[in-house]
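*Asks:* Next come the chains, spelled out residue by residue.
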Amino acid sequence: MGLSLLLCLVSNAQQTQVSGNVSDVNGVPLSGVNVLVEGTTNGTQTDFDGNFAIEAEMGQNLIFTYIGFKTETVQVNGSRIDLQMAEDTQQLQEVVVTAQGIQREQRSLGYSVSKVDTEQIEDRPEGDLGRVLRGKAAGVNITATNGVSGSATNIVIRGYTSLTGSNQPLFVVNGVPFDGASNQQNSFFDSQTESSRFLDIDPNTIESINVLKGLSASVLYGEKGRNGVILITTKNGANEGANKKTEVTVSTSTFFTDAILPKYQDRFGGGFHQNFGFFFSNHGASFNTGDLSNATLEGNGLFIRREGGTALLQNPLLRLNDQTLITGYEDIANSEYPYKPYNSVDQFFRQGSVISTSIGLRGGSDKVNYAMNYGLLEDKGFTPGNKLLRNTFGISGRAILSNKITASGNLNFSRTDYKTPPVAASTGSGTISSGGSVFGDVLYTPRSVDLFGLPFQALDGRSVYYRSGNDIQNPRWTVANAKARQQTDRVFGNFNLSLALNEWMNLTYRLGLDTYSEFNTYGQNRGGVDGDPTGIYRTITARNTIWDHSAILTFDKNITEDLNLKVIAGATSRRDEYRQDGVESTNQIVFGVMEHFNFVNSSTASSFFSGTNLASTSEVNTIGVYSDITLGYKDFLYLNGAVRNDWTSTLERDNQTIVYPGGSVSFIPTTAIEGLSNSDVLSYMKLRLGYGTSAGFPLPYGTRNTLGLNSRLFVDREGNVISSNSISNRLGNPDLKPETVSEFELGMDTRLFNNRLGLNVSVFKRNSKDLITDQNLDPSSGYTVTRVNAGELETKGIEVDFDVNLIESLSSGFKWTIQGNFYADESLVVKLPDGTDRIALTPTIAGRPANFAVEGLPIGVILGDKVLRTNRELTVDNNGDYIIGSSTTEYLGDPNPDWTASLDNGINYRGLSFNMSWQYRHGGDIYSQTAAALVGRGVVDADRPLDREKTYVLPGVKQDGSPNDIQLTTTRIYFNNLGFGSNEFSIYDGSTIRLSEVSLGYSLPKKFLEKTPFGNLSFTLSGSNLWFKALNMPHNVNFDTNTLSTGVGNGQGIDFISGPSARRYGLTVKATF
Amino acid sequence: MIENMNYYNFRNYIQRLSCMLGLVLLFSCETTELELLDDPNAVAPAQSDIDYFLNNIQNAFKVQLEGTPLNTLGLNEFGMEVTRITHMFGPTYQNAYATSDLNQVWRSVYSNALPDIRTMTPLAEEQGLYTHVAIAKVLEAYMMTNMVDFFGDVPYSEAAKGTEFPNPNVDSGADVYNVVLNLLDEAIADFNKDEVSKPASDLFYDADEGKWIKLANTLKLKIYVQTRLVDGEAASKINAIVNGGNYITSSSDDFVAQYSSVDNNPDSRHPEFGPNFDNGTAEYMNTNFMYWLVEEKGIEDPRWRYYFYRQTLQNTTDVNEQSCITKFKPEHYGPNDVFCNFSDAGFWGRDHGNADGIPPDRGVRTAFGQYPVGGRFDDNSGQTIIDRNIGLQGAGISPIMLASFVDFMLAESALIIGVSGNPRNYLENGVRKSISKVMNFSPDNTDPDFVPSEQDVEDYVATVLNAYDNAGNQEEQLEIIIKEYFIALWGNGIEAYNTYRRTGMPRLQPTILADPGPFIRTFFYPAVFADQNSNVDQKTDVTQQVFWDNNPANFIN
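Those protein sequences? They're chains G and Y, same order as listed. With this note's numbering as the guide, the letters of the first sequence map in order to residues 1 to 1073. With this note's numbering as the guide, the letters of the second sequence map in order to residues 1 to 557.
Source of the hints: derived by calculation from the structure; they are not laboratory data. Quick caveat: nothing in here was measured; it's all calculated off a predicted structure. In this text, a Cβ means the ideal position worked out from N, Cα and C, and glycines have one as well. One should not assume that every hint holds.
Said to hold, decoys possible - A partial selection of chain G residues facing chain Y, derived with a Cβ cut-off under 7 Å:
| no. | residue |
| --- | --- |
| 1 | Thr65 |
| 2 | Arg267 |
| 3 | Tyr578 |
| 4 | Ser711 |
| 5 | Gly847 |
| 6 | Lys1006 |
| 7 | Phe1008 |
Unchecked claim - Computed footprint of chain Y on chain G, listed as stretches where at least three residues anywhere in the stretch have a Cβ under 8 Å from a Cβ of chain Y:
| no. | segment |
| --- | --- |
| 8 | 566–575 |
| 9 | 692–703 |
| 10 | 915–926 |
| 11 | 1044–1052 |
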């Protein structure tokens, strides 16, 4: 009924044709200017050359509106109107892409959307989109999972919404969903090297990124959008801006990467209690002849003689218990071994390089336009054996088939090949599990070990190292013989058909397809020490497909002169298919040949701790219908309401649907109240209030009981294979329902002092209820885990963005801008399932701390063991060592940073530009095995180092309460108590200041290029992660707090020696033709 | 008011719209299916198989005893370590084991075996598969006895009932013992029923019901011996079984779990084998236990070459390899307590509660031998073990309940509570059966030059009996019986741990720390139980005693 009333307003009287051209004050044509006959709904837009034609009656007024320009009204006096429009600095009617690809004026939004432009993304030394985004938007927390190029990246927006479910955002590329997950084939402790699949996007092809953080912004994406949405528009996806003229852009960059390594001490070498020995630890004798412990070398069984004060020792090869290892290395074994510091770790890492090239091409005509791009990234990491090679191709086009139908589409292909040595978690005494680690065994190499002067591989291929039992895998052997590789072929794209039903109603059908296949391999030749010494090779092929169908009806109409109504109604169905298959072989036949035929045994189950069947499959369907209604009044008040209903295939019929509403208000007082914006103080102000809800659906197959089948449980002595079936440990919960999230957001966007200062502030409060939680059960119930709806989580936060035009001198061309952001949040686990004290978010390995959800505390708190307290004092035992309490769930720290901030400086002078970005993280505790191991093993000095040749008393009391007076060697203090004693000594405050990006660019003046084929030519020197300091960690460790050993998931602030981070710097040349 | 043309156009649009939506739906039937709830990665409970259930139950029992190759923390390892048969790191009893160390044992019984037994039993009874039912009952009885022995009061009546009791309460150990005795009687009755078919695979007795009945009776006997301190009628109950004669008396009836040498897909070797031999030695032998077998009696035990394998025939002189060699014997050690090394012949172990890190010791410490782990016979070669292709390659056994054990239990019972029979005879039988079991374990994989002769065996037996005959009193006699029992128990920590708490014997090497805290009378509850069960609190310490242990608080250490 309402619709037909609106239709009544349509009038189609015959009129005269008015045509003309619209340009800006400089005469540059403006395309897309709205031209409307006043008092009617009759309107059109200017074309690419600024031309328009419209039917109007003489004497009527034409209203010209264009975003960022002052609205002009011109009376029709003849058949031609040429107009120059002036920029409107007050209005700032920036258009942003919001949910479902709908473009909206910034001013009409009742929620905050962070926009990141191409300049902030392209030509960066990092090829990983996630890492490029770090610090670019308030409230987006991005962490690398380890130090190798191509490793996964964890992204959490506005804190956590779910306890054991995913908190990773939804990626939407050119309007259709894109899988950004990391298909982890092992638990992190067994070596996790898989990439995050957003690695398949070349950041250089991105036009813009909009981050929808709040629920009122993402409600149209349904439950998938509850963790925030990263909306990516690629250059070939943004057809609107394409020129008629064909333009080619070529940019090429070369960067270098260096590992940021600890600062090792060079006074003491390997040993224990200041006695030299080929130990793991570096608590041996001094290298300096003046030191007491240096004199003890003479008494050592390995001592031969001195030369110039340096003690010469027997070569460690001679002490290997298994002398078959040194065949062929007898000359080395018999050589004298100088006891001195070696720079083994520095030598181990190399200078990496990144070569990146991208080529873009755009062109078209009025009706048809197209774009193509190609990107190449070759990132050779600083870790030997690590390399990432990526080729991306994209093509897109748009055609206006008739006046009513627009067809557009794009198709992208990417091929990613990524290799790395394994990176299993290390506890500082080798890896604890079935995988090797390139970092775990190298970073605490004792100073006196000459990694590059000793062989690493025996003639028969076995690993050789300095310990007599040969019980650590030589890191060089790891590089040569252990590899993980992931090769991915991916195709993604979309197809859009848009039908303009009339001027104000549009129907769009969109098909999105995103499919990739990953070929994962993990292999280690026989002869290793970590993991299976017979050799292992595992291949897993995974295929993931997302089909997304969408139909959207949009309605946009001025009901009266002052009242605008925008309605969107849509229906969507999404299908996710995942399937993987794999084989694991062990017992290699010919050394070095890594193919399944070269192995004796093969299995379809992983032999690793976390391993189960290598094959798995899942399919999930989600259907949604939604509507969004915005009522705008006079350009200063906007009311928005949205609702979506979802159906899922992961829940039983009674619980498979949920409806969630949202709404927002935007009010611009500077427009509404005459005179308010005329002051020099306040140029523009918007107040906004948003409320949004969302839901979360569980992973599939949690509602029904299953029966586990183990085809190979045991093989008896006769070779009979015994199979078994067993009631699954997961108790199915047929009553499982979706979890719900709701959020209030209040914000203010302002521009002050003649637009010199922009300040946007948002505060939000988010509540998740009925959290879908994998609840561990007491196994005596018969089951170990079930999925329940229980628990409540609350997150409150504040986001501030600001920008300052510090100096802007149009005459001299000098411009200095500063922009930055600030983010702080506080989470609280309000409630857990009845009878549950805590829920583990990450597994506890080898007695080390883990993240937990505990009622009344922030999410993810780190729990572990503590020293026993007597009258609140640390307690020592009869030997003078701390006694570790029996509880492993003592509170140790909160890994959530108190706040984070970033500050960018940009200076432009004529063609020169200089940019510098700083980031700061305040607080957030970190459990650092790296710091514990390096200081505990004595390779790195603590901040105020003890004199290693003296003895000390640990602060505390004996069990009877009397003060401790038992003297300990520094080895006992550092190794037994601080490094490898109670967990509480390995927790550090993670406050870090970082110089995240610096760039210096020069763009050649146009007049120089006039006689060249170039349209633009620029050179940029840039660097990332050039310097950082973790303020409250042992300084010499140089630990990068932006690391997370637990992989993509809900862990935070947990480090198991997953490697140093990289400093990157280099040159980019960019040209357009 | 609507103009005709526009109205017509609009209707047209609607038609096109529905057409388009129809297309979407047509092409996406697959994408709108919402009934995707059965996990394609598993089978449905209705597809179960009784034989396969029984296989899993048998395997879960083995996991309770020995752990798995990836985690060897089974009850035998805990039991052997606290009783100084193998080395315990400690350094104190309170912190010797993390509560999470016990999780696997808990899961193996409660979330692995019991739900399968509960599901299988009615289905098997329906199909007349009484042997399946009976074996499951015996194994359940054995597992629950072990749980009581190690943890005290444990869930049973509310266990494995899923949503009905998500947080099961504990039952008293005595109540669980009573249930266990009933289960054994029921099992015997079920074995005597006519079954439709026997289990396809019985990993213990090859579906020999006679042997299973003997085991059931032996378990009852074991329970009566265990409860003799709190049950005045224990002697008559034991006599009833002895007089019945239907219990394990011959090694052919020994209840053992057998492992094979298959190292892959899955690793089916003795769970201790892989961790100790695939990548170099892992565990330490206990110095004191080796001393008993090699030195203490002045005559070598015929079994030691089967129990231990020396990788060097000389002890190290490098303090970096073995830090105790420059240390003095702790003051709290008695004159007869060995410390560090007792000889210079390569018996390289560790003292009880020595928690030092692993030094660069070339990995040549003394390793497990041929029996029962399936390693190598010690032929004085002193060769370093460099890979897994040694000895029996892991085709060992778990000695769960042997005829020799029964003799030692009867020797103790005859001596202390007057069970019929001569304790000296039981002792002699126990020693002879044990030696014979070990020496006949895999005679083909020994070196005849070093295999003890018949005379060596006779000499050893005579030495033991001579000591017994010269013992001054009943306590000294019991000490001799229990020490021989301990030696025979090599590989079985459960009976060692029980016997130590029941008898306070034998005298064992002290911990390195003068005050290691009170001995573990029962273990802490596993973390998964104490943390996940809201009805249960963790024990404050390890001094809680199991119901059959009414010995004084500090009588063992």
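*Asks:* Each hint: holds or not?
*Replies:* Structure-based check of each hint:
This hint is violated: Thr65 of chain G has a C-beta 25 Å from the nearest C-beta of chain Y, more than the 7 Å allowed. The criterion of a C-beta within 7 Å of any C-beta in chain Y is not met by Arg267 of chain G, whose closest approach is roughly 20 Å, and the hint is violated. The interface hint given for Tyr578 of chain G is violated, since its Cβ lies 11 Å from the closest Cβ of chain Y, which is over the 7 Å cut-off. This hint is violated: Ser711 of chain G has a C-beta 10 Å from the nearest C-beta of chain Y, more than the 7 Å allowed.
Interface restraint check for Gly847 of chain G: the shortest CB-CB distance to chain Y comes to about 6 Å, inside 7 Å, so the restraint holds. With 7 Å as the threshold, the beta carbon of Lys1006 of chain G stays out of range of chain Y, its nearest partner Cβ sitting at about 48 Å, so the hint is violated. Taking 7 Å as the C-beta contact cut-off toward chain Y, the hint placing Phe1008 of chain G at the interface is violated, the least distance being around 53 Å. Three residues within the 8 Å Cβ limit are the bar, and the segment 566–575 of chain G against chain Y gives 4, so the coverage statement holds.
Only residues whose C-beta sits within less than 8 Å of a C-beta in chain Y count toward coverage, and the segment 692–703 of chain G has 3 of them, enough to reach three; the restraint holds. Coverage of a stretch by a chain is defined here by at least three residues with a beta carbon nearer than 8 Å to that chain's beta carbons; for the segment 915–926 of chain G and chain Y the count is 0, and the condition is violated. Only when three residues or more bring their CB closer than 8 Å to a CB of chain Y does the claim for the segment 1044–1052 of chain G stand; here the count is 0, and the claim is violated.
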